[in-house]
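Sequences listed follow chains B and P, in order.
Per my numbering, residue 531 is the first one in the first sequence, and the count goes up by one each step.
Per my numbering, residue 0 is the first one in the second sequence, and the count goes up by one each step.
Be aware that one or more of the hints could be misleading.
Computed from the model, here is a short list of chain P residues facing chain B with C-beta under 8 Å [stated by the list, open to error]:
no., residue
1, Y63
2, N103
3, F106
4, G107
5, K108
Derived from the structure by calculation, the hints contain no laboratory data.
Cβ atoms here follow ideal geometry from the backbone N, Cα and C, with glycine treated the same way.
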Amino acid sequence: GAGVSQSPSNKVTEKGKDVELRCDPISGHTALYWYRQRLGQGLEFLIYFQGNSAPDKSGLPSDRFSAERTGESVSTLTIQRTQQEDSAVYLCASSPQTGYYGYTFGSGTRLTVV
Amino acid sequence: AQKVTQAQTEISVVEKEDVTLDCVYETRDTTYYLFWYKQPPSGELVFLIRRNSFDEQNEISGRYSWNFQKSTSSFNFTITASQVVDSAVYFCALGGDYGGSQGNLIFGKGTKLSVKP
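Working from the sequences, and respecting the hints, build out all of it.
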């Protein structure tokens with residue numbers, strides 16, 4: 531597509547439920563990144579994919595968080611047993627390759643855990 | 000450790016004033032990249048500029064200019080003749096080869112700029 535698409539744009543969930551956040555990168559972009567932005571804060575790196583592989587998962591906050599990517603395209607970030615501190619905007623970005631040739635960010639998914 | 004500091008949390012100016020947003024970074028890498036992003040109220044992050052560590056030339060793009068000084072580890076951003084549409088949160092970010100991992104950018108906490116008419 532023309533840009534990075536994220537869905538849903540907004541998600542309200544009850545504490546303890548699982549959620550899945552989806553990212554459709556720009557077609558042909560091999561690198562994909564997930565970030566979290568808490569209210570009024572900067573961006574916190576979660577995970578990145580080069581192709582379908584995630585070389586570095588150290589940014590994931592806990593084992594409740596997981597991510598996968600298939601077909602060098604769509605990525606899903608899953609949060610299990612959500613907690614209130616998971617409330618944030620989750621941003622996805624893609625780039626033609628790793629090496630900082632200009633990320634393009636999506637509009638994000640605003641997750642609210644009640 | 001890799002770190003980006005944006006000491007100014009919020010800045011408020013009147014339209015047509017010039018404003019400079021500060022960014023100081025820390026890195027052990029000899030090759031690294033610096034970025035500025037704009038996040039308007041709509042929430043989407045907009046890429047403004049990328050500079051690599053070997054290019055210390057200042058850059059100007061319209062009303063925007065960037066001053067990169069390795070000696071002080073700073074990459075400051077100036078908006079000349081600010082406009083209301085410049086109101087946004089501006090993020091400075093650092094990217095480098097962290098032990099072979101080239102995946103992520105380190106972001107500062109952002110500076111919220113409000114331009115009043």
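Exercise. So which hints don't hold here, by number, going up?
Worked result: Number 1 only.
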